[in-house]
Amino acid sequence: MRAEAKLGLILLLTPLLLWLSLLILIPHVDMFLVSLRERVGVNEYRISLANYLTFINEPLYLRTFVRTAVMSTIATIITLLIAFPVSYYIAKIARGRVQSALFLLCLVPFWVSELVRTFGWMILLRETGLISNLLQYTGLADGPVEMLYNDAAIMVGLVYTSMLFMVVPLVTTLESLPDEVVEAGYDLGGSWFSILREIIIPHAAPGIVSGSIVVFMLSLGNYLTPTMLGGKDSLWFTELIYSQFIVRFNWELGAAFGFLLLGLSSAIVWGMLKLTGQTLEKTMG
Amino acid sequence: MTPSIPQSRFVTLAYTGYVIAFFVFLALPLVVVAVFAFNDSQFPSLPWEGFTWNWFFGTERPMIGVFHERPILRAIGTSTFVAVFVSILAVGVGLSNAFLFNRYRFPGQGILYIFMLFPLVIPGIVLGISILVFSSRVANGLWDVAEWDVEALRPGLLLVILGQFSFIATISTLVIAARLQKFDRSLEEAAMNLGASRITAVRTITLPYLAPALIGATVVAFLMSFENFNTTLMLVGSDAPLTIAMFDRLKEGSTPLLNAVSLLLMLGSSCLALVMIAFQRRG
Chain A
5 MRAEAKLGLI
15 LLLTPLLLWL
25 SLLILIPHVD
35 MFLVSLRERV
45 GVNEYRISLA
55 NYLTFINEPL
65 YLRTFVRTAV
75 MSTIATIITL
85 LIAFPVSYYI
95 AKIARGRVQS
105 ALFLLCLVPF
115 WVSELVRTFG
125 WMILLRETGL
135 ISNLLQYTGL
145 ADGPVEMLYN
155 DAAIMVGLVY
165 TSMLFMVVPL
175 VTTLESLPDE
185 VVEAGYDLGG
195 SWFSILREII
205 IPHAAPGIVS
215 GSIVVFMLSL
225 GNYLTPTMLG
235 GKDSLWFTEL
245 IYSQFIVRFN
255 WELGAAFGFL
265 LLGLSSAIVW
275 GMLKLTGQTL
285 EKTMG
Chain B
477 MTPSIPQSRF
487 VTLAYTGYVI
497 AFFVFLALPL
507 VVVAVFAFND
517 SQFPSLPWEG
527 FTWNWFFGTE
537 RPMIGVFHER
547 PILRAIGTST
557 FVAVFVSILA
567 VGVGLSNAFL
577 FNRYRFPGQG
587 ILYIFMLFPL
597 VIPGIVLGIS
607 ILVFSSRVAN
617 GLWDVAEWDV
627 EALRPGLLLV
637 ILGQFSFIAT
647 ISTLVIAARL
657 QKFDRSLEEA
667 AMNLGASRIT
677 AVRTITLPYL
687 APALIGATVV
697 AFLMSFENFN
707 TTLMLVGSDA
717 PLTIAMFDRL
727 KEGSTPLLNA
737 VSLLLMLGSS
747 CLALVMIAFQ
757 RRG
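First to last, the protein sequences are chains A and B. The working numbering applies: residue 5 is where the first sequence begins, and numbers increase by one. The working numbering applies: residue 477 is where the second sequence begins, and numbers increase by one.
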């Protein structure tokens with residue numbers, strides 16, 4: 005029996021270890037090693053920090069990095085602000101069938117490829133698009149209005165794409181808040197604002213944290229939305245990674261960029277978990 | 477604010493209005509994509525030139541429909557091929573992982589569990605390039621050592637499958653483990669008391685119990701693979717899956733053909749989602 009249990013353990017452990025080592029651990033270590041090498045001749049390399057120095061010394065790279073981080077943060081905040089009232093409505097105000105129908109409706113758009121969603125926004129926002137036509141029809145604009153290819157369009161796309169990942173954790177945490185607690189707050193003379201601040205938001209904190217982490221990460225790593233909806237000046241850091249790897253064939257610099265993106269995203273995830281005393285198992289599992 | 481507390485009519489109306497506006501915002505891009513698939517024009521935009529099925533069934537230029545557009549059909553085939561392999565791999569490994577974490581206690585288990593969650597917090601594009609870098613190193617190494625040219629390790633379908641599998645496996649593990657957690661192990665013991673071997677007990681008792689989760693995990697894995705863009709973009713070779721093929725076309729300018737493909741995608745994924753919900757209800 006003992007030997008059988010041991011054999012079972014080994015059999016089950018093998019796929020897990022193969023997966024995590026060959027597809028996650030070793031490739032990332034390898035990417036880090038590649039980012040540390042500098043080409044000094046044909047097939048001649050030496051270890052140096054040259055790629056990271058290039059990143060710091062080239063204003064375009066650094067600016068794009070900071071811009072991506074800032075815009076992802078803004079996108080996360082906007083998503084939270086839009087999603088919170090809706091989640092509260094679904095969790096606390098809607099009842100029975102309406103409640104489950106609304107929740108399901110929130111999920112529907114996300115069964116569709118991100119490409120299709122982005123395409124939808126392109127049709128809506130472009131110069132010959134629906135909103136431009138609507139504005140002209142109602143007399144609010146004299147000629148065609150181009151709303152695509154700017155930062156606001158990227159923001160709309162990012163918020164739209166991430167919405168589900170904010171709504172689901174928020175609804176789940178808000179549902180566990182008993183109505184009586186909110187009523188007690190009113191009975192004790194609290195205004196709606198103080199109840200929101202002192203009862204609802206603290207209770208929803210775990211949902212807010214896990215939603216924000218996922219939305220931030222998805223925005224940071226997004227390639228499609230900034231490429232399709234953004235203009236020539238609105239570069240995203242993932243676009244730099246892509247161009248170094250596929251267009252310029254400078255894998256060393258591209259790997260350094262990839263590592264920086266990974267570092268930023270891990271640092272934010274870790275920081276948010278530490279700040280709020282949550283763990284990765286609870287947030288993701 | 478709860479239903480039990482009276483609110484002024486204005487507040488209630490404004491709140492309901494906001495929620496309705498939110499759902500309009502959610503639906504708008506998808507509705508627009510679907511509607512313009514039927515526009516009898518070269519562009520998916522206004523003016524509306526009349527209703528047509530040509531973007532689905534058209535056979536003549538300039539309106540070749542989806543069902544006669546070879547490259548798109550081939551891309552759908554490629555995506556399906558990849559998605560089938562990814563879901564088989566992900567569900568198999570997920571099932572094995574679920575049993576491992578549920579049934580065994582071994583040193584380092586906690587750390588391994590946290591490590592298993594990492595693929596969810598690694599940006600997809602980084603997963604893609606790290607696998608690209610590593611596989612090229614292996615391929616170059618094999619060439620240097622044995623003059624062995626392993627085509628499979630260059631960008632192509634195998635790498636796409638592995639790249640997608642690397643994070644979808646985490647999701648299928650979580651889905652299956654969640655259901656295995658709720659399983660009453662005394663059922664398995666009862667079967668063994670009645671003379672079944674451990675394998676038979678698992679096969680006849682535990683696996684049927686897990687069936688809804690297995691189907692759920694398969695559907696989720698299939699859809700996530702079919703729709704994946706970031707990881708695939710970095711690993712793709714000459715056979716482009718559908719999302720990549722559509723992306724390339726979209727960059728050149730769009731025709732309602734893309735709307736038609738998108739509408740089919742929406743229908744396909746809603747059907748799969750319904751299948752999954754039906755099985756979940758039964759389970």
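Honestly, the hints are just simulated from the structure, not real lab data. Computed from a predicted model, the values in this text were never measured in an experiment. Positions of the beta carbon are idealized from the N, C-alpha and C atoms, including for glycine. Heads up, some of the hints might be wrong.
Partner residues aside, some chain A positions facing chain B, computed with beta carbon under 10 Å [stated by the list, open to error]: (1) Tyr49; (2) Leu109; (3) Cys110; (4) Arg121; (5) Tyr153; (6) Ala156; (7) Val251.
Cross-check of the supplied hints:
1. Tyr49: violated, 12 Å
2. Leu109: Result: holds, 6 Å to nearest chain B Cβ.
3. Cys110: holds, 7 Å
4. Arg121: holds, 6 Å
5. Tyr153: For A:Tyr153, the interface hint is violated, since the closest Cβ of chain B sits about 13 Å away, which is over 10 Å.
6. Ala156: violated, 15 Å
7. Val251: violated, 12 Å
Hints 1, 5, 6, 7, counting from the list given before, are not met by this structure.
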